[in-house]
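Q: Build the full structure now, drawing on both the sequences and the hints.
One letter stands for each residue in the lines below.
4 protein chains.
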Amino acid sequence: MSGTPLKELRQAYGFDDVAIVPGDVTINPEMANTDFILGDHLFTIPIMSSAMDAVASPGFSTLMHRAGGLGVVNLEGIYTRYDDPSAVLEDIVSAPQEEATVFLQKVYAEPVKENLVSERISEIKKDGAVCAVSVTPQNAKHLSTIAVEAGADILVVQSTVTTARHMSRSYRGLVLSELKKAVKIPVLVGNCVTYSVAMELMETGIDGVLVGVGPGAACTTREVVGVGVPQVTATLECAAAREEYFKRSGRYVSVITDGGIRTGGDLCKAFACGADSVMLGTPFAQSEEAPGRGFNWGMANAHAELPRGTRIKVGSKGPLQQILFGPTSATDGTQNLVGALRVAMGMCGAFTVKDMQKAQMMIAPAIKTEGKIFQMGRNSA
Amino acid sequence: MSGTPLKELRQAYGFDDVAIVPGDVTINPEMANTDFILGDHLFTIPIMSSAMDAVASPGFSTLMHRAGGLGVVNLEGIYTRYDDPSAVLEDIVSAPQEEATVFLQKVYAEPVKENLVSERISEIKKDGAVCAVSVTPQNAKHLSTIAVEAGADILVVQSTVTTARHMSRSYRGLVLSELKKAVKIPVLVGNCVTYSVAMELMETGIDGVLVGVGPGAACTTREVVGVGVPQVTATLECAAAREEYFKRSGRYVSVITDGGIRTGGDLCKAFACGADSVMLGTPFAQSEEAPGRGFNWGMANAHAELPRGTRIKVGSKGPLQQILFGPTSATDGTQNLVGALRVAMGMCGAFTVKDMQKAQMMIAPAIKTEGKIFQMGRNSA
Amino acid sequence: MSGTPLKELRQAYGFDDVAIVPGDVTINPEMANTDFILGDHLFTIPIMSSAMDAVASPGFSTLMHRAGGLGVVNLEGIYTRYDDPSAVLEDIVSAPQEEATVFLQKVYAEPVKENLVSERISEIKKDGAVCAVSVTPQNAKHLSTIAVEAGADILVVQSTVTTARHMSRSYRGLVLSELKKAVKIPVLVGNCVTYSVAMELMETGIDGVLVGVGPGAACTTREVVGVGVPQVTATLECAAAREEYFKRSGRYVSVITDGGIRTGGDLCKAFACGADSVMLGTPFAQSEEAPGRGFNWGMANAHAELPRGTRIKVGSKGPLQQILFGPTSATDGTQNLVGALRVAMGMCGAFTVKDMQKAQMMIAPAIKTEGKIFQMGRNSA
Amino acid sequence: MSGTPLKELRQAYGFDDVAIVPGDVTINPEMANTDFILGDHLFTIPIMSSAMDAVASPGFSTLMHRAGGLGVVNLEGIYTRYDDPSAVLEDIVSAPQEEATVFLQKVYAEPVKENLVSERISEIKKDGAVCAVSVTPQNAKHLSTIAVEAGADILVVQSTVTTARHMSRSYRGLVLSELKKAVKIPVLVGNCVTYSVAMELMETGIDGVLVGVGPGAACTTREVVGVGVPQVTATLECAAAREEYFKRSGRYVSVITDGGIRTGGDLCKAFACGADSVMLGTPFAQSEEAPGRGFNWGMANAHAELPRGTRIKVGSKGPLQQILFGPTSATDGTQNLVGALRVAMGMCGAFTVKDMQKAQMMIAPAIKTEGKIFQMGRNSA
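Chains as they are written, first to last, in the working numbering: chain E, 15 to 395; chain G, 15 to 395; chain Z, 15 to 395; chain V, 15 to 395.
Hints in this document: simulated from the structure, not taken from any laboratory.
Some hints here could point you the wrong way.
Each pair may be met inside one copy or between any two copies, as identical chains are not told apart.
[What the hints assert, rightly or not] Computed list of lysine-lysine pairs in DSBU-like fashion (alpha-carbon distance at most 35 Å, straight line):
#	residue 1	residue 2
1	K155	K139
2	K261	K155
3	K261	K195
4	K195	K21
5	K21	K194
6	K155	K372
7	K372	K261
Source: prediction; values computed, not measured.
A: This is how it looks when you write it as structure tokens:
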């Protein structure tokens, strides 16, 4: 009908839109190996904690290390802005909901202190944990130098949207290939959501990409600026780029699905989409040990002019150990996440995460609300 | 856009997503024959009761037999773990909701007693009913020997996901072809949801496959481990395997849709998808005679480390006879299920269940909530 | 993946799923002609009232006639079962909701009286109205003879699902071509929803088909027996059959969309789908003159063994004249239905109903609930 | 199955159905240029205020001018019907909700006064603002003469649906090419939603088309007359027509998405769909300076016989300056709309609005309600 064709719109999918299909072969969950390797580090569970101040502290990194995973601390968060982050955290969670964003804007207006950057890294290293720290692209060059000197093991360069080719008037764009050469430790970069950006990032020599912009189909970035790609599609795209890049270069770059994972089901689907590892925010903010004390918030909330997100109450659901490994009596998928992954791997006949990436999926929207109580169906052990 | 193509996602459908299209010819409901044959047994209604403890007891099997259908008793449930299941059932339904899962985990920690296995089978046989019993694959070899000796007529081997090729470190995988030869009675195996697994199971020589993993798009297995296929798609796949296997081998293996059926409409759709028989849980848990006394729960709830499901209140809606055959004044599809099947067969011109499998269906999502009261339309008798 | 392909499922659409696209040319609403012709009768509005007892009485037929439309009275309803239908109607609307279905089952157990059939027809004719009466296929032969003798002008043969080839053990199937020859008045038959059935019905020589089984995606027939096709798809199919039949035979058979129309928007869409006329239930049950006094119910509710529908409260929204022609201050689409049709015809540049059938439509799901208050947009006069 | 094929239904999309995909290159938001040019006028923000009486007054036009955008005043609204519009506005917002439509019908029954038309234009010009005024097609010829004489800078000809070929019995159809020649100022015409109508309008020589009929998938026009096209699809169509027309003629005609934009996200998506500018109603009705005092309503509400819309409470959210430019602590996308556009342009690497029109989009339905609090994900600054 039109001489000029309409712009093409591809369908995208989120976790709630899909389901994993059991495999032709099944294995016992005990036979599933969940190892994840990054540089010289082997993690027995393919799970990271998000570099959000409500989730990650130096102490939490130690807990993640003991559990076999990886904690990431934000070098531009409360821990490097304040000598006594504990008091600030207490104030944040005590602020009335309607003033929470204003209060966060004020808290994050305080500048980052270089001495605290080194200090926090030392705290983590002292406990023997693998130390991963995150910085924004703007401050990556400067802060990464300090961090490496202080002994950081893994560097995460992260902003809402990161590409290999960012242009700015106010500062010289970060050249990732140079950064990678300079730091000599594994570098993870994100967030990205498309095949082409993931590919360009991989080509800079970095070690992993973080996947997720506006994760969860209803996140605030979608409301405020209209930008976002649901996590199933985003992970599928970046995983396809990883396979293609590996084919071309022989180098394997990790894909880490970051954000939007609330339950064991979501987590299992991320791997079925092709993730090598996942980064969790809210599920860990719900641990008793989380610095957020039952609340969660993102850095973008504190944006002085256009906050994108809000402080939310997530509650405390149990110790980190139980959230990761159970046993549990919760039936909503929020506990025993590693157990859930093993069960799903068993149902799909997956011996390794790499096998799990090959599991079939179908588009099968989850029914919300009511349907629930009448659709329990048969669940034999 | 990507050198490596994205993983393909097929669309899957559940009962609420589809509707049956009336046929080119109609017949009077009285002319519809609903017989279902399994081995030497002819059932006048193609309906089984689920092997859930809240649904099936030795007494319920007798009621199902009298109604023309088949009751299945779980040989690893409360009836074989406890001398006095009645007291245990009373305790389960009396537990406060927030403690229900913990309590179920405790109840099902009690071991199965071999003497009770024989005893329960005798109870069923004493009343002259066809005796069907279910076991998990792990215990199939051992318990089936006892069951056959005690006089069981039909064996059901059932777990959340069952394949012809399961691997385990702790026990030697069950070889279904050997089991089938050993027991000499009809064997039903499940649950499965795909063409390929159904085909492999049929090739082992068994007599029927149970269809349904995480039935109902919102079941807990989906939340906890992300695995599940909606029942319309699952039944279509397994029915296609049955037709193909019959073409190749000349042997007809039954397809039994198990789980997710709440109303007469769902039941009719299962047959239009290709089911030979259906297995019902909640609709029978709602009968006055059900052991669950207005509650229902699955075996997987009681999983010690990763429960997948919860005890739900389903209420008592009437005697089994009325649920199956009416007459009724209920208009929500929960009663007179066989009458509903006959009416649907009439509208589709189906003389037999085999004819009903050929009925056309369309994708026509059910509208929830409000729409209802304004969309009654014309319904002449 | 499967040797035997899966059954194909076509997508079906209801009124809420689609929207009409404005035309390339627009006309003033006053220029739109809404005439509908059936046999020798010309109706100035293409609208019938449904043969439901809560909607249609002999008196209502007169009102419909004066408005330029057509009222249909059910010859197997309360008016022909009871000498004093008014008292019975009063009892029905006074019954408590939980007993409504039981009460309706009792009311409709009373047999039809032949003398009342003639009497009701005389009442309608006495007022000078065109007299349309409806009968079920089972009783069509017998009752139509009485009706024609009493002076009925139009015969409607109607059941939930009607085909040209119905088989029954208990009575000899109705042969529509014979009926048509016998009665010598226009015959409308339904309900049907597919191209093939509409085509076969048209080939019997009848004058119109009623379209709609389980209209509205959520009607009770869907819940109880799983059968139903949403009205947009059903009307598109039957309209395509009409065009094809006209091409082959030169005879034009009317397509009447029956059921599921609640608003002016739905009504306009029915015509854009290809309807020549529409039959309304609930919108007329909401008129002050409706016998149902603010309630509505279908014949199938009263089914003794498997009721499909329930008595619903629809309220009284105004006199029939206002519902059809306005003026109104209601903004929800329930009043001034003919005005709405004229405005839509204007926006589509449609001078006649036949032009309106060619209007473009898009799939554009209506958003329910909240969205509403923020999505009013601009509406200039 | 059918000899005559069914009418084809294309899928249409609204703002809630899509999301913008970040680009391969990103730029700093400060580098984004948001200029919009119409005739000789350059606007630094591509945003107009809707010609609804609750949004636009002569004073509001001045505010829009100072902000860098364009206010449009309705020459057939309250300001030209009443000497003292303030009193009338007070009465409108004080009317009880159930009487609001009746009251609006009465208010808009008062005739337009020619002297007030000139007076209002003078008010706007006196303050040095660019003066844009809107008229309906019926009155376009007459009122535009007065308006141009009084000094109007831009003419908007607007009705719910406007085509280049409207037919009427009561008045000679407006010939847009003649009007354009007569007025000698930029002329915007609407509303339209399809490629073909946009193309025909452009061919008349006018300077811009307003896009949107029943914007927002749930607007009242959809309920009342069934007509409407969601804004994403409508904007894509009209933008494709603009590109094609430009290719053919070398003349660039602006596409202005009008209606259905509630948040920064919606606004950004409109540009990604191809809009050159947007027209906002509710977001501006929510400004403290809006004449509607926290309420909003459309002209079509006041239609004497078939009102399509209702007075809604939208609340007061802050001064216009903050709604457009922030800073804000609101996180729901209703404030700092220009900041949001700059951020989105940054994420898409768009230096200009023309670049932003090339941003990729995906179909990614927003999840309503609950999902929200658990799907915040990571938002780094």
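Q: Of all the hints given earlier, name the ones this structure violates by number, lowest first.
A: Result: no hint breaks.
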